[in-house]
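Visitor: Chain residues, written in single-letter form:
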Amino acid sequence: MASSLPSILVDGPLLRGVGRAQRRAFFEATELRGYPAGDALFTEGDPGGAILFIARGEVCVVQSTMSEEPVELARIRAGDFVGELSLLSPAPRSATAVAAAPTQILRMDRDTFFKRLRDHDPAAQALLQTIAKRICQRIRTTDARIDLVHDALQGASPGSLEARLIALTGHTDQGPRSWRTRLLSFFGGDL
Amino acid sequence: MIDLMDLPLFRSMPPEASAAITSTFQSRQLTEEQEVFRQGDPGDSLVVVLDGVFELVRRGSTGEVHLADVMPGDMLGHLSLVDGGRRSATMRALEPGAVAVLSRDAFDALWEQQDEVAVELQLQIIRDLIAELRSANRKLVDLIQGPLADAPDAIRRLLGSGAVVRGS
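Respectively, the protein sequence lines represent chains A and B. Its first residue numbered 749, the first sequence is counted upward by one per residue in the working numbering. Its first residue numbered 12, the second sequence is counted upward by one per residue in the working numbering.
Where hints are given, some of them may not hold.
As the list claims (entries may be wrong) - Residues of chain B placed beyond 10 Å of chain A at every Cβ, according to the derived structure:
hint: 1; residue: Phe36
hint: 2; residue: Asp55
hint: 3; residue: His77
hint: 4; residue: Pro83
hint: 5; residue: Ser114
As the list claims (entries may be wrong) - In silico DMTMM-like pairs for lysine to aspartate or glutamate, Cα to Cα no more than 25 Å straight-line:
hint: 6; chain 1: A; residue 1: Lys863; chain 2: A; residue 2: Asp794
hint: 7; chain 1: A; residue 1: Lys881; chain 2: B; residue 2: Asp85
hint: 8; chain 1: A; residue 1: Lys881; chain 2: A; residue 2: Asp867
hint: 9; chain 1: A; residue 1: Lys863; chain 2: B; residue 2: Asp85
hint: 10; chain 1: A; residue 1: Lys863; chain 2: B; residue 2: Glu131
hint: 11; chain 1: B; residue 1: Lys150; chain 2: A; residue 2: Asp895
hint: 12; chain 1: A; residue 1: Lys881; chain 2: B; residue 2: Glu27
Claimed, not checked - Computed list of chain B residues with no C-beta within reach of chain A, every gap over 10 Å:
hint: 13; residue: Asp17
hint: 14; residue: Thr35
hint: 15; residue: Ser38
In case anyone wonders, no lab produced these hints; they're calculated from the structure. Glycine residues also receive a C-beta, built at the ideal position from the N, C-alpha and C atoms.
Between the sequences and the hints, there should be enough to build the whole structure, so can you do that?
Guide: This is the structure:
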């Protein structure tokens with residue numbers, strides 16, 4: 749790893765409760781890689797097996813669909829990570845991650861992470877807890893969306909669905925009016 | 012009636028280690044129709060079915076939905092155990108049965124304890140959570156591509172955003 753560690757990762761919230769020296773030591777064990785805007789960090793179907801911490805730039809996660817152009821699933825900003833599921837539970841990458849701007853990442857592979865975990869590195873432990881809590885959050889969000897769709901398909905009232913959809917997705921930036929119009933045209937038309 | 016020590020999770024551990032962990036579970040007998048936990052309750056334990064058949068149901072605004080049957084050897088409640096959140100479903104006995112319960116306090120003590128056994132248990136629980144997340148994602152994607160196929164793109168995108176890789 750290069751001489752200067754990115755403060756956005758070392759001093760960020762990912763390794764909560766861990767001493768600074770241990771946080772530094774953890775990131776020292778990563779490998780720095782750079783990507784120009786538009787390059788893929790990994791591609792759907794690749795074997796997984798590493799977690800990528802975004803040190804600089806921004807990463808856009810997209811998934812290809814059968815008929816349409818790729819769907820953007822998420823934007824991951826500097827200070828955050830991507831690829832944690834395949835770090836812990838081997839499976840091919842389920843989506844493609846593309847640098848949305850010139851991007852630098854710190855990469856830690858599975859063997860390095862597990863060795864640190866089994867050597868009782870508190871930073872690896874803390875990261876495991878951060879990942880576990882994130883996964884729980886995502887399960888709850890996904891379950892809530894599934895319930896919402898079930899309710900919509902079974903004819904629950906459009907007003908309550910709209911409020912819940914906004915609460916779930918957090919996408920209020922498009923303005924309440926356009927939301928109301930879009931949602932009512934969908935759910936309303938269906939009822 | 013199964014023995015906790017026969018679960019794949021514990022079989023893979025050294026015998027002293029699995030004995031130490033399984034001794035922190037408490038067993039509980041249930042009669043038919045009795046609830047092990049109820050949707051909305053604070054989640055405070057991991058539950059392993061030892062005997063009998065249970066069901067998992069979730070109530071939505073349009074009634075109760077059967078999610079799954081739960082059989083001996085199945086483990087439930089990972090989510091609440093890790094994040095301390097509320098139960099997302101109700102678990103109910105379909106016949107007289109027995110479960111073993113690991114309390115959140117005992118689990119938290121394991122998180123604190125940095126030995127190999129604790130790490131293995133944590134990893135197993137996280138792997139189960141990842142499997143649950145992947146299955147929920149598949150369900151959501153199936154809904155978006157199936158019954159919602161004709162919905163406006165904006166709605167489908169928002170419902171699906173982060174579904175595979177990252178929740179917002």
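Visitor: Each hint should be assessed against the structure and marked as holding or not.
Guide: Hint by hint, here is what the structure shows:
1. Phe36: At roughly 20 Å from the nearest Cβ of chain A, Phe36/B sits farther out than 10 Å, so the non-interface label holds.
2. Asp55: holds (15 Å)
3. His77: About 12 Å separates His77/B from the closest Cβ of chain A, which puts it past 10 Å; holds.
4. Pro83: holds (24 Å)
5. Ser114: The assertion about Ser114/B holds, with a minimum of 18 Å to chain A.
6. Lys863/A - Asp794/A: Holds: Lys863/A and Asp794/A sit about 23 Å apart, inside 25 Å.
7. Lys881/A - Asp85/B: holds (22 Å)
8. Lys881/A - Asp867/A: Distance ~22 Å between Lys881/A and Asp867/A Cα, so the pair holds.
9. Lys863/A - Asp85/B: Violated, at roughly 29 Å.
10. Lys863/A - Glu131/B: Roughly 13 Å between the alpha carbons, so the hint for Lys863/A and Glu131/B holds.
11. Lys150/B - Asp895/A: Holds: Lys150/B and Asp895/A sit about 11 Å apart, inside 25 Å.
12. Lys881/A - Glu27/B: At roughly 29 Å apart (the allowed maximum being 25 Å), Glu27/B and Lys881/A break the hint.
13. Asp17: holds (23 Å)
14. Thr35: Non-interface label stands for Thr35/B: nearest chain A Cβ at 19 Å, farther than 10 Å.
15. Ser38: holds (26 Å)
Figure legend: structure checked against the earlier numbered hints; hints not met, in rising order: 9 and 12.
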